[in-house]
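Protein chains: 2
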Amino acid sequence: MVHLSIKKTIAIIGAGPCGLSQLLAFKQAEQDQLVELVCFERQAEWGGLWQYTALTGTDSCGEPIHSSMYRQLWSNGPKEVLEYVDYTFEQHFGVSIPSYPPRAVLYDYITGRAKAGDIRKFIQFRTAVRSVDFDDNTKKFHVTIEDLTNQLTKYLTFDHVIVASGHYTIPNMPDFEGISKFPGRLLHSHDYRGADEFVNKNLLIIGSSYSAEDIAMQCYKFGARSITISYRSCPMSFRWPDRIKEVPLLQKIEGRTAYFKDGTNVDNLDCIIVCTGYRHNHSYMAENLRFRTVGNLYVPPSLYKGIFWYAEPQLAYLGMQNQLYTLNMFDIQAALVRDVFLGYVTLPDDKSQKQRQKNISEWQAREQTLSLDDHEAFSDLQTDYIRDIVSCCDQNTVPKFDLERSNAGMYRFFQDKRDNILTYRDQPFHSIFFPDKEAPISETPWIKNTDDSIEGFLQSIKTV
Amino acid sequence: MVHLSIKKTIAIIGAGPCGLSQLLAFKQAEQDQLVELVCFERQAEWGGLWQYTALTGTDSCGEPIHSSMYRQLWSNGPKEVLEYVDYTFEQHFGVSIPSYPPRAVLYDYITGRAKAGDIRKFIQFRTAVRSVDFDDNTKKFHVTIEDLTNQLTKYLTFDHVIVASGHYTIPNMPDFEGISKFPGRLLHSHDYRGADEFVNKNLLIIGSSYSAEDIAMQCYKFGARSITISYRSCPMSFRWPDRIKEVPLLQKIEGRTAYFKDGTNVDNLDCIIVCTGYRHNHSYMAENLRFRTVGNLYVPPSLYKGIFWYAEPQLAYLGMQNQLYTLNMFDIQAALVRDVFLGYVTLPDDKSQKQRQKNISEWQAREQTLSLDDHEAFSDLQTDYIRDIVSCCDQNTVPKFDLERSNAGMYRFFQDKRDNILTYRDQPFHSIFFPDKEAPISETPWIKNTDDSIEGFLQSIKTV
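Just so you know, the sequences run in chain order A and B. Residue numbers for the first sequence follow this note's numbering, beginning at 4 and rising by one. Residue numbers for the second sequence follow this note's numbering, beginning at 4 and rising by one.
So here's chain A without its partners, still in its complex pose:
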């Protein structure tokens, strides 16, 4: 390990899961007086999108509401494939818990590790980053922040900037003929907060990815009258229960009637929920530093190793991938960022950026060959990606886990969903770290469970 003689100043933007992983990764270096860390968080609390608020639109500081979280959201993948290597669910809750926990459990777990790690002191809450620019002469970043509580603007300078502000906030909102005149309720999944208001209603859901699937299932669970899901390219094709059907792309809306590409239509719609995903929006980054992408890709363009800004590797972006892996992948990304920024490992010298571009292109080429509905292939891709960044890290400190076992867990999860979309969340998984250990199951199957509190969840665990 090469230790540095002067402190590096490091700004992290966002105290969601990625920002928290990054703070923890740097913590030892901070104790060793190697870095001066600050994390700017626009919200009043940490946890990023895992924080629920009933609010939509604008908050009391006039800032856009960040979270797209809704009541009664349960994990849509087994907890075993996202568990932190250094902080297990069992360690946090004191008991082994079922594989698919509700939101509050995940929030408590993520922020529980952050509390245990004593990193709250680095975070400036209610602080929005307004601009980030890079000075090529001094090789420093100029960062403008706004203290929202006191309405003060401050101008700061850093050696490194790490963008961890997420990409599930700004709705991607396609246009459909007549939709702006729809006389019922129309919302994007970003503003969906719970199924209660859709009981006994006829819903149209537009989209064919995780939001569409999960919101459809939640509205089904709580008693929507009918749910029509419209897909653009590729249906999800689960064995949908009665009251749910999938149809091709919406062509137009006239009154309360929707017309689809196959010539069919649905009448008497009460509500349209547009689940067409989110846009990357890093508009506070100077144009020459701004990560842009159309859609949500497993291999983000312009980011070397999926992390470092191709033209200026003093700048990193965390978690910009479409994600199958989440918390554990963020930890590994954060480890590599730390190792590179502190000089523990070095990226190839590449002033012409050619090697970096070539590496990005190779990964992009692989993604482009994959069929959209081949979930296993995307899991292989992201598993290999993680293996690659693990191999770049300082091997003494990188958090490692058995990637083959994780990938096998992903495969089983996909199969469980294909087998039965109503029951996949009731399945217990084996721990990645302790393969003999299987999660307990809940007394109440997910489809009947309307208690998403931590207490309710823990009490529901079936004792053997």
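Calculated directly from the structure, the hints in this document are not laboratory data.
You can't tell identical chains apart in this list, so a pair holds if it fits in one copy or across any two.
As a list, the in silico DSS-like pairs of lysine-lysine whose alpha-carbon atoms are at most 27 Å apart:
no.: 1; residue 1: 204; residue 2: 264
no.: 2; residue 1: 124; residue 2: 184
no.: 3; residue 1: 451; residue 2: 204
no.: 4; residue 1: 451; residue 2: 184
no.: 5; residue 1: 184; residue 2: 118
no.: 6; residue 1: 118; residue 2: 403
no.: 7; residue 1: 142; residue 2: 357
no.: 8; residue 1: 184; residue 2: 204
no.: 9; residue 1: 224; residue 2: 204
no.: 10; residue 1: 354; residue 2: 11
no.: 11; residue 1: 30; residue 2: 142
Dock chain B against chain A, hints included.
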């Protein structure tokens, strides 16, 4: 009249009612080759907040939805006190119409005059202004715009900038204990689109101004089960019908129960509609040019004659007032802006800005003496304000109307509302221009009228 020898370049931001008034005011000057006009409009159509869209949140270009308009909105003041001097409702529709028209009628009227005036050619639609800065040396404005359709950024220079981008878009969202955990539907009036979804629901409405009153009445009309209106300082105190009551300020929300300052509470709430107004947000303006205000005032600070930026009168803001008068006031503001920018009249020479500041302070002092519930006094204030700006204009071209008669119309409108909040919209007013002419009435009283189309409205006119 002093005519100028070179063309002035003028940018108008926004093609809502104010921007359209301004384009029409400049039109003659454009024909005379005195000005080069361009109006930037972020939306795909003109008419500003009068354009209805079912969308909330973000549009298909990723821009925030501008309008706070809802279905079944009817004018909440008599059309006679807003009518254009040079283009009457009767002229537009070919018949005399009742005093309180629905949205579509007003939209058709406003945009009808714009069409007749052939000003569409000046407007660049789907174009967002990203920054406005002023160069003290060249005395020119640098304006950055984004062509949203083609995703192109352009850098332009102008002699004058006129901000007409409105101030009913960014919600003012106060915080209340527990509100972010409310398990029902929570929305700001900006996102309210119609009463249908609130039929048979128990509503809490927070606010005591026009939005609160109108949304409460609309939800009442369409069949909300109960409506509780919570005020901060001053109740509206109309003779509310059954199912509507007013209570003091909300203290906290626990579950579906709201607790108020007088110790009372309301249970089983399905929905909270926050009607606490809007914030001025002109964040694309450089800080030294940016109009800011806390709240919505009849006398906007920093604007000389309620229009010209105190420190740099080459910059104008239109319609930044809290408004009793609207369309006709915008026309007069636009006339003064034209007269000043083209040198037809001159503002007092005031390099130290002292005279301008003094004038603003005098008007502010008058506003500050007024009691919030003294509507007549605010009408007097705005009437006097309009009289003042009329007196500043070129008297040969300023659109004039009888201000005493208009003010008397305001008084009667306030009294009608106090007499009966359910029937005030059924009252016919006399024309300001032709005082012997009284508006017809509708066959269907407003409280029973659920047809807000132009056709329905015109057909409903009672023939004598």
